[in-house]
Every structure is written in C-alpha cells, then in structure tokens.
Amino acid sequence: MKPHLLLTGTLIAASCLPGCGRQDVGGNAEVVYNCPANAADIDALKNEIPAFTAESHVNIKLNPFTGQDKLYAMMAAGQAPDIFYTNTTMRDRLAAEGRLLDLRTVSKGDPFVERLWPAVITNGTSPDSGWYSLGNWSFTLGVYYNRDLFDAAGLPYPDTAWTWETMRRLARRLTLDADGDGTPERFGIFIGSHFVEAIEQMNGAGIRPNTLLASLPDASAEAFEKYLSLMEEQLMPDIRRVQAMGMQPVQLLQSGRVAMLVEAVPHQMLIETLAIRWGVAPLPRFAGKPPKYFRTSSGGLSISSSTRFPEAAWQSVKWIVGKASIYQPNPVLRDLDFVGGWERRYPRLPGSGFREVWTLSLLHDGGDPRFFVRFSSWTSASILERLQPYLDRLWAREIGVNDVRTALPEINAHAARDLQDLLQREGIKPAFRRVIERELRSLERGAEQ
Amino acid sequence: MNPVARRRNLLPGYLFISPWLIGFLIFTAGPMLASIGISFTSWSMLSAPTWIGLGNYERIFTEDPLFLRSLGNTAYYVIFSVPLTTVLALGLALLLNQRLPGIGVFRTIFFLPSITNLVAMSILWIWIFNPEVGLLNRALAAAGIDGPLWLQSETWSKPALILMSLWGVGGSMIIFLAALQGVPPDLYEAAELDGAGRLRRFFHITLPMISPAMFFSLVMSLIGGFQVFTQAFVMTGTAQPGTEGGPNNATLFMVLYLYKKAFQDFQMGYASALAWILFFFILVFTLAQKRAGQRWVYYEAGDRP
Amino acid sequence: MTENGRFGKVFWAALSRYTVMYLLLGVLCLLFLAPFAWMLSVSGHDLAGVFAEPYRWIPDRYRWENFGLVTSLLPFWRYAANTLFITVLVLIGTLLSCSLVAYGFSRIQFRGRDTLFALCLSTMMLPGQVTMIPLYMLFVSLGWIDTYLPLIVPAFFGSPFYIFLLRQFFMTIPREYDEAAVLDGAGRLRIYWSIILPLARPALAVVALFTFVGTWNDFFGPLIYLNSPETATLTLGLSMLKSQVVGTGATQWHLLMAGAVLIMLPNVVIFFLAQKHFVKGIAVGGLRG
Chain A
1 MKPHLLLTGT LIAASCLPGC GRQDVGGNAE VVYNCPANAA DIDALKNEIP
51 AFTAESHVNI KLNPFTGQDK LYAMMAAGQA PDIFYTNTTM RDRLAAEGRL
101 LDLRTVSKGD PFVERLWPAV ITNGTSPDSG WYSLGNWSFT LGVYYNRDLF
151 DAAGLPYPDT AWTWETMRRL ARRLTLDADG DGTPERFGIF IGSHFVEAIE
201 QMNGAGIRPN TLLASLPDAS AEAFEKYLSL MEEQLMPDIR RVQAMGMQPV
251 QLLQSGRVAM LVEAVPHQML IETLAIRWGV APLPRFAGKP PKYFRTSSGG
301 LSISSSTRFP EAAWQSVKWI VGKASIYQPN PVLRDLDFVG GWERRYPRLP
351 GSGFREVWTL SLLHDGGDPR FFVRFSSWTS ASILERLQPY LDRLWAREIG
401 VNDVRTALPE INAHAARDLQ DLLQREGIKP AFRRVIEREL RSLERGAEQ
Chain B
1 MNPVARRRNL LPGYLFISPW LIGFLIFTAG PMLASIGISF TSWSMLSAPT
51 WIGLGNYERI FTEDPLFLRS LGNTAYYVIF SVPLTTVLAL GLALLLNQRL
101 PGIGVFRTIF FLPSITNLVA MSILWIWIFN PEVGLLNRAL AAAGIDGPLW
151 LQSETWSKPA LILMSLWGVG GSMIIFLAAL QGVPPDLYEA AELDGAGRLR
201 RFFHITLPMI SPAMFFSLVM SLIGGFQVFT QAFVMTGTAQ PGTEGGPNNA
251 TLFMVLYLYK KAFQDFQMGY ASALAWILFF FILVFTLAQK RAGQRWVYYE
301 AGDRP
Chain C
1 MTENGRFGKV FWAALSRYTV MYLLLGVLCL LFLAPFAWML SVSGHDLAGV
51 FAEPYRWIPD RYRWENFGLV TSLLPFWRYA ANTLFITVLV LIGTLLSCSL
101 VAYGFSRIQF RGRDTLFALC LSTMMLPGQV TMIPLYMLFV SLGWIDTYLP
151 LIVPAFFGSP FYIFLLRQFF MTIPREYDEA AVLDGAGRLR IYWSIILPLA
201 RPALAVVALF TFVGTWNDFF GPLIYLNSPE TATLTLGLSM LKSQVVGTGA
251 TQWHLLMAGA VLIMLPNVVI FFLAQKHFVK GIAVGGLRG
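Chains as they are written, first to last, in the working numbering: chain A, 1 to 449; chain B, 1 to 305; chain C, 1 to 289.
Same shape as in the complex, but just chain A (with noise of 0.2 Å):
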C-alpha cells in the first residue's frame, strides 16, 4: 500500500526535526542564554565563550531572541532559557509566578556584589524584597547638539548648568523658515515622546516605586505643557511625522533637519555615525528645580527559577555582565573608569561634553522615571494600555493636558480591576500577593497619591 508507507515515512522523517532535546556539552554544564539578535555582539560573544568555558566548565549556548513576547510562551512550552532580560514589568510578573531565581541564593558572599553600584541592586529588586534580575546596563540622556549650526548662527555652546528657558532661546534662534511657508525647514530641537518623563522627573515629579496607580502631579503636568509648548511654537517638529519616519531622530539631526537631540547617553551608533560636528550637553534643568538626571538600570539578567544549573547560570552572568568585551566598560559596575573607556574607544569622545555628562549623571542620580513617575510596573502594562491613546492624542495636540488628569480615576478603577483579577490566579507567590493585597486596601480606604 504505497500512501500509507509514504505516510510513515514521512511522519518518521519528521519526528527527527531541530528541537528534539539539549544535550549537555561533555563534563562541562551548559546554560542557555537568550541574548539579543545583533550579529556583530553574537560573533564577538561567540568567540570568548571558548575561554569562559575553559576557566569554569560552564558552556553558554546562545540563543539570538528578538521579542519579548516569545520569552512566556516559552515557558510555558517548558523551554525557558536559562538566562534572559527582563524588564521591570516582566521580572515582576515571572518573580511573582515563581519563575525567576532569587539572585540572593546564588551570590551569598559573592565578592561581585560589592562591584556594583548599590542602585543597580535596588532596582532589580522586586516589591516581596527578592532580587531578580541584575542590571546589564545604565544610560543617562543627553542633549546632542550641532556644533557647526551653532557657530554660524553665533551662538555659544550649551553648558552643564543651562535652563529650559535658554534652551527654548537658543531653539528660537536656530529654528529656520527660509520660504517662509509656515514650515521650518529647520527646527531647534527634538525631543522624543518616550522621554517626556525626564522632563517630569527634572521638573520635581517624584519618583515612587511601587505606586500602582497612575497620577499626574501638578509638576508632570508642568511638564507636559512645556513639553507640548516646544510643538505648538514649532521649535521641535510634530511627534507623529517623526515616529512614522521609522524612529529617525538621529537622521534628524544627521541631515540638519534638527539643531539639538535629546538621546541616550552613551548612544553608540550615534557616536559611530554622526558625520557633523557634534557636542553632548546634560538636559536643561528648570529654574528653581534642583538637578535630578535620568539614570536608568531598570532592565537586567534574569535566571529561570527552573534551571539545571542555578550556580553555573550565575558564574555566566557575572561573565557577561563583568567580562564579555562587548558590554565592556560596563556603568554598572562601580570599579571601572567608564567614561575613560569610552573616551579611548572613540577620539571624538574627549571635548564633546561627554564626561561631563556623565559625571553629573552619577552625582545627582535620579533614577529611571519611566515606570515610577506616574505608575509602576506592576500595573504598568494595564495602565499603559489605557493611558497611551489619551497620551497619543495629547501629544497630537487634539487633546489637553487636563482631559488626561480626568480620565485618569477610570484608568485608575481598570488597573485596579486588572489588580484583582491576578489575585484570582492561583500561582502568584504569598508574599507578592500580601504586596498587591494592601496596595488595593489602601486605595480603597481612599488614600491616593
């Protein structure tokens, strides 16, 4: 009977597919490593891997992973890697569901620990006190700036103590409507709109982590009116025509569009790529505000709490974390010369405003605003998808800053809601659940903000 023969063949031929189970390297453990899927970093990892698994008989196998989204439906599938990022909204979920390895088991005593900056711990550190993830980076923003516009437009450079007042005057001067159709062929500068929290946060609006509900103070609210004001006085052009550019800000600036950027700090592929002459300066602060510059390390290394080889998994992200060249000099890490590193990496580095950005970052360390100014991370994702259409079209300008501030209690009642939903869930962890438990009974005794 030929189909049926043709049938069992083919069924067998296909039972022998990828994915039919990890072998263990011979004598050494093997972790599997989620690691981004940037090409260059893979080969570059690829070829020092060989010395780690020398030194400690722990083979990382690394898995290039775009997309957040696969990592939980991985576990679910029972493939978790070993050792993945996180951001704070999902360590707190997989830490509340039991998947994430506390990261104090495996580093008792650990002389590493100490290596670190005492805020790369605190952030990775979920509401039940476990910590779960280790931060893998930290940046802080910067103003960008085109040295040559400058000059010929007379202007002196930004200093580290310059004001949003002066930074809207040098805006105005370096805006250009030549045609005088009502369009500037050239605005003053650009500012992103998932970076308006640091305007918040360098206006005063304070950052609470572990807040579950969403909050405009009257400072965040400052905020968004000068945010908003750059647009209406067309000193920065419309958000939406640069997001539908493909996230083109740094051609922007390339190609003179616009005068100053505000981007992160260090930005490689901007300092690789930016042909002008260019210098960095820390954001403007506001009059009377005292200076609070954005930092963030809220993103890390995570170990899946179902790992073989819990003590391996750590050696390898200390690995990483501490000695793959390619995140080296890394800014979590206390000991090292970060700015130095840099400057010797790239000549251009040494007079662009660099070090002094980055100096003044670490001494007024803010923090990451961007989960803790108006809301954590907890309700992050229930909040966000409620809060982000009134943001788009306050941000289109079809709305004001006040329609936001009364919409909020509705956003707040779903989040909290969504809140009571988890509970029902029979795998969150007891001391998360004690967490979210007297969050929601505070806010039903009313008291808010």
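No lab work stands behind these hints, which were simulated from the structure alone. Even for Gly, the Cβ is constructed at its ideal location relative to N, Cα and C.
Chain A side only, calculated, beta carbon under 8 Å to chain B, not exhaustive: (1) Ala76; (2) Arg240; (3) Arg241; (4) Pro389; (5) Asp392; (6) Arg425.
Position chains B and C against the provided structure of chain A, taking the given hints into account.
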C-alpha cells in the same frame, strides 16, 4: 442506490474520509470545546487555570472599551474594504475581458501582487505610506496635495490598510474574469437584437450570470476581512513592540486584540472568550449572506444553491 | 456611403477604442507596478540615499551588497531550507489526505455523507483563533513546540477548501472508468490510486500550487509555534529582520526593502512558471463556489 449498498459502503466511506474526520475531532472539535472551557477561566498558562464562570464575558461586554473599539475597527475595515475590492475586481475583470492583443500581460501584472508574501507586502507598504519620504505622499506632493500621516494618523490608518488591500484584488479579479468568460455570448446577441443598450445588458445579463462567483467572492472576502491580522501586526508595531494596533488603537482589529491579550498579556481565558465572540459574528454574517444570497444569486437549472 | 468611407469609420472607431483601452490599462498597470519598482529602487540605496531630497529613483550606484548584507543579518539560506522542508512535507500531506477524503465524499454513497460534507465546509468559517490556544496547549503537552510538527502534522488530516475543490473535480470524472475497473476486479483503493488520481492531475496541480504558496507565506503558524531562531521560516525571519534593523533612532529601510525583495522572489518565480494553473484553479474554485 439501494439501502443495502449504502450500508455496505459505510465502512469504506468512513475509512476514506477518516483523515479528515480524525483531524476534525483532534484539531477542530476538541480544541473548540476546550476553548469554550478556557473562556470560563482566568489562566496565564504558567499556573493552573482558575474558574471564573462568565466573568470574562461579563468583562468584555460591560467594562472593556477596547473590545468595542476593536469591533468598530473590524466593522469599518469590512464595510469599506469588501465592497471596494469587489467593485475594483469586477471593474478590472471587465476591462480584461476583451480581445486585445497582449491582454494576458496585463492580467499577469494585476494578479501578481495578490500572491506575494503578506509580511513582505506589509513592510513594503509601511515605507510607501511614510509621510515624509514615502512613495504615496511624494506622488501626492507632486500633484500639490499635502498627504496625511497615514499609519501614524488615527483617521487615516484604516484607510491606509484598505488602500493596501485594493492592491491585492488579483484573486477576486480572476474569479470574476473566469465567470465573465463563462457567460454565453448568444445571450448578449439576443439582447442586442432586442434593442438593449450596454448598461441594460450589464445589469440584466452580466451581473446575474456572474452572481454565483460574486457570492463566493463576497463570502470569502467577508470571512477574510473579519480575520485581518498580519497587516495590522506588522505595520503598526514599528514604534515599539507592544504598540501594535495604534495609533490610539485605530488599527486594533479583533484578531490583533485577541493575540495581544493571549501572547502579550497572557490572559488566555479572556482571549478565548474574545475568539468565540469573533466566531459568533462571522457565523451570523455568513448565514445572513447565505440567506440574502438565495434571493439575488441566480443559478442556472441544475446547479445547487 | 462608399466602401472606403465605411472602412475609414470602422478603422478610426477601432483605433480610438484600442487607444482608450490601452491607455486605461497602462495607467492601471503603472499603479500596480509602482510599489514593486519602488521596492527595487530603495533596495539599491544606502541609508542616506533613502532619505535624499530629491529622491533618485535609480541610485548612481546600485548597491547589490545590500542583498548580501541581508543574507548575513539573517540566516537566509537556512530559513529558506527550513521553509522548503516544511512546505514539501505539507504538500505531500495535503495532496494525499485531501484526495483520499475527496474521493470518499464524491465516489462513495454512505449514510451521513452529505451532513459530514456540509460540516466539513462549514469549518472553513471557523477563525483559527478559536482553536489557537487549546491547540497550543495540546502541542505543549506533546512537546511539539519549537519543532515543525505542529505545522506539518495537521496537513495530513485534510483541509476543507482543497477537499471541496477536489471533490468538485472528481465529480466531473465519468463513472464509466470506475465501473470498468470494478469489472476488472479492482478494489476502491486501487481505483483511487490508479485511475482517479492520474485523471485529476490538473486539479491536483492546482491544489499543490496553492498549498505551496500558502505554506511558504504562512506567518501566524510559525509565529506562535516556533521559538528558536534556528527553526524559523523565511516569513518569520523577515519580521525578525524588521525588529533587528529598527535601531534606536534609525531604521535601515534599504535593508528591509532588500529583505522584502528576497522574500518575494520565490513567489514571483513560481508564479511565472505556473501562471496558467493558478488562474485556472482560482477560476474553478470561484465558479463552482
């Protein structure tokens, strides 16, 4: 066939269709039942499901503005895309239904886009819709029109997707072309002799004769339209992962919403409930179409409805 | 009216009709081809050229290396091999199972046949998302996630649309062939294999073509069932490329377009080779629908 023969045929009959039957039970019927069950639970896949009865459905219908939004978006897409693509396909088919030399080349060109990879097509059209440097706005600028922000604009993102769907009318066009070529020419001749003008011939001969094909095309388009996913997923997630369906949820279609709830928010129960509601809508619309079809679709004697 | 006069009139009428038609077709042609041309054009630029004002449709130097770059960013050939593997297996499975089932539905009279067939057709209405989650969990419990099995095995169990297509076709094959074979002592399976299948070659070719294209372009299946990058398919790879070249601050559109061109190429090639069958297949499906 006599009853004895029919009974004798029972075993061979079922044996032959057993692949489909078994597959139906394992891959369709079973999961469908399971999915109803899941829709009554709250489940994150990592832990055991928790029974919450009608909780999901209650939430969907009373407290979920995004559900209504996704419903509205899907309805908008279907209401505009299905008639427009059908009309365009018919128009192109009429155009191609002529004996001009080289007509085959044109047919190939119109048909080509419809068999290309949807993901690749979506990526191409993201770039075409780029408000600054994309093909569409450049062309509009050449005509003196200031093009909108397309995929970044709440009002223009759905029209953008509908415009893209027009590019892929090739499939329907071929169906109509074949149907047109199947209309017996003597009908036209008879009508011409009776003095019927072009327009009358079209409405009273062409349309009724191709109505089965039109019906088929409409039903398939409707079902496909309700399930629009890939384009929205690929084209609106450019800013950051997790922002698909924007701007301001203007392109959040039902299947996309379902996917997000299942694979980004890990609310499997909720997503299952959404899937059933979607199925319900498709069922209702298809049955309504079938009923309406009985009235306007013309079949020659011998064909079954 | 003289003969010459009438000839003149007819000639001008035909010429104007031809001109109008070709003009119309030409314009539509341009509209339909423009996106492809644009795609090819952008693929040949570098990042600066993509944004140049004014845009040059033909770059002064066409950057063929973009295609090479894309194949190095993605394991293109690997993904192509993966996709081919899946597609061929699905093809075999679909052809076998759908023809068997269609034979059963068309050639054998048995109780419940029509109800079951109606059931089969109605499953076409079912959105895949209804069964998506339980199927996912089923495959998880079987340990099939991140293998190709969830994509291949269901193909061996028939697909309603192709069953329908083949059944319609089988019904047009005269029963005399069957009866002659029965007289020669052939069993049903024999009839199916040696008589019906060969006669149904055109229809089978159509099913094969559609299955090939459909599987090659499939996005949703690989999206949820495949996790590791080694196992990914071309379509999945393209969307991974998209997330890869979307850098903070600058997306490399020229590379994305080059990737899109590469992915579309196999489709276009197959299409040109098998055009007639495609057209016939859709037509048959639509007419009998």
